[in-house]
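From first to last, the protein sequence lines are chains U and G. For the first sequence, the numbering used here begins at 8 and goes up steadily by one. For the second sequence, the numbering used here begins at 10 and goes up steadily by one.
Just so you know, not all the hints are guaranteed correct.
Claimed, not checked - Every beta carbon over 10 angstroms from chain G, so not counted as near; a handful from chain U, in silico:
hint, residue
1, G23
2, I27
3, E33
4, T35
5, D60
6, V61
7, E66
8, G67
9, F73
10, K75
11, Q79
12, S81
13, N104
14, R115
15, V116
As the list claims (entries may be wrong) - Result set (DSS-like, lysine-lysine): computed pairs, CA atoms no more than 27 angstroms apart in a straight line:
hint, chain 1, residue 1, chain 2, residue 2
16, G, K66, U, K12
17, U, K117, U, K65
18, G, K66, U, K78
19, U, K75, U, K105
20, U, K12, U, K105
21, U, K49, G, K66
22, U, K12, U, K117
23, U, K22, U, K65
24, U, K78, U, K105
25, G, K22, G, K66
26, G, K66, U, K105
27, G, K22, U, K49
28, U, K22, U, K117
29, U, K65, U, K12
As the list claims (entries may be wrong) - Only part of the chain U face toward chain G is listed, based on derived beta-carbon distances under 10 angstroms:
hint, residue
30, P41
31, K49
32, P51
33, A52
34, F96
35, T100
36, K105
37, L106
38, V107
39, G109
40, A110
Everything labelled a hint here was simulated from the structure, so no lab data went into it. Backbone N, C-alpha and C fix where the C-beta goes; we use that ideal spot for every residue, glycine too.
If you want the building blocks of each chain, they are given just below.
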Amino acid sequence: QQQVKQSPQSLIVQKGGIPIINCAYENTAFDYFPWYQQFPGKGPALLIAIRPDVSEKKEGRFTISFNKSAKQFSLHIMDSQPGDSATYFCAATEYGNKLVFGAGTILRVKS
Amino acid sequence: KAGVTQTPRYLIKTRGQQVTLSCSPISGHRSVSWYQQTPGQGLQFLFEYFSETQRNKGNFPGRFSGRQFSNSRSEMNVSTLELGDSALYLCASSPIGGDTEAFFGQGTRLTVV
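With the rest of the complex left out, here is chain G:
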């Protein structure tokens, strides 16, 4: 069974630009969550989508948004990039949502210059 796939793996963007990251969950999984990992703040929850609906949201500004498609694939978008948005963005998928096992992808390393 294929794992969680995140694309692209690496990305370099300029301040003020916007970026879209993609996540394909494990086949059959319906919940997709996004996390930001930085050396200073650690792993922080961004949002969770379940059956195309945002179910939970973390404490991030509105520049961070996401969506989920009918095939459970998810995208997250960051607009008006800031230097502080440089981070590893991780996607996790779970079978049905609720406190079940979350399986992480390898992440997308975003660098904002």
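One chain only, chain U, in its complex shape:
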């Protein structure tokens, strides 16, 4: 049972573009929503995270937008670079460190 739905599956943007990755959840008990970046052969690395009492959070070129009523959240990458090419995962957790991950989005930034 997929509790966090992520889209799109893959995404190609030009350098400088703003890729947007969307996630939706159903479990209203989720209260922590991190995004992870994974390069081939590496483990996922935490990019940015948000809690439901905040509608937007920015860290460098990465922004999370959160819509609690719609149970949706998204990742925007400003001024994307070829080095941002990776797989991105959204996740959610309701307690402890039991992360529920989305299926992942493969991002390619063309130079």
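Use these hints to put chain G onto chain U, whose structure you have.
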């Protein structure tokens, strides 16, 4: 500060065998979680240990087990290996447990033949 260390990095086992994977968390971290990553199922939670106690468990059969030692190092064991157990097994450590940042290791790539 050293990151999360997982050993071995690669492993090839035969169906029916058992395997033990090891994870050393970041110094001072007390929570260790394990995940299985496959192309078909994505990243799936196996279990979490905090202060040597299993605190959360995912939907995996009893062949998958784990433990945590007093120094927070953790091991996971898979018995009676099946072809479908081939995956990247990832360990993540967190400072105190609860919804805090989870830092992942590079994983152990297990291939069952």
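Under 10 angstroms, Cβ to Cβ, is where P41/U needs to be relative to chain G, so tell me if that hint holds or is violated.
-> holds (8 angstroms)
Is the straight-line distance between the alpha-carbon of K66/G and that of K78/U 27 angstroms or less?
-> OK: K66/G and K78/U at ~25 angstroms, within 27 angstroms.
Hinted contact P51/U with chain G - closest CB pair below 10 angstroms = Where the cut-off is 10 angstroms and the nearest Cβ of chain G is about 5 angstroms from P51/U, the hint holds.
Let me know if the C-beta of L106/U comes in closer than 10 angstroms to any C-beta of chain G, holds or violated.
-> With a minimum Cβ separation of about 6 angstroms from chain G (threshold 10 angstroms), the hint on L106/U holds.
Taking the shortest Cβ-to-Cβ distance between R115/U and chain G, state whether it exceeds 10 angstroms.
-> Nearest chain G Cβ is 18 angstroms from R115/U, so the label holds.
Is the nearest Cβ of chain G still more than 10 angstroms from the Cβ of D60/U?
-> holds (13 angstroms)
When the nearest CB of chain G is found for A110/U, is that gap smaller than 10 angstroms?
-> holds (5 angstroms)
Per-residue hint verdict: K49/U, partner chain G, C-beta under 10 angstroms | Given a least distance of 6 angstroms, the restraint on K49/U holds.
Restraint check for K12/U with K117/U, where alpha carbons must lie at most 27 angstroms apart = At roughly 26 angstroms apart (the allowed maximum being 27 angstroms), K117/U and K12/U satisfy the hint.
With 10 angstroms as the threshold, tell me whether V61/U passes as away from chain G on beta-carbon distances.
-> holds (14 angstroms)
Would the pair K75/U and K105/U pass a check requiring their Cα atoms to be no farther apart than 27 angstroms?
-> Roughly 20 angstroms between the alpha carbons, so the hint for K75/U and K105/U holds.
Against chain G, with CB atoms and a cut of 10 angstroms, does the hint on A52/U hold up?
-> Where the cut-off is 10 angstroms and the nearest Cβ of chain G is about 7 angstroms from A52/U, the hint holds.
Of the numbered hints given earlier, the model fails hint 13 alone.
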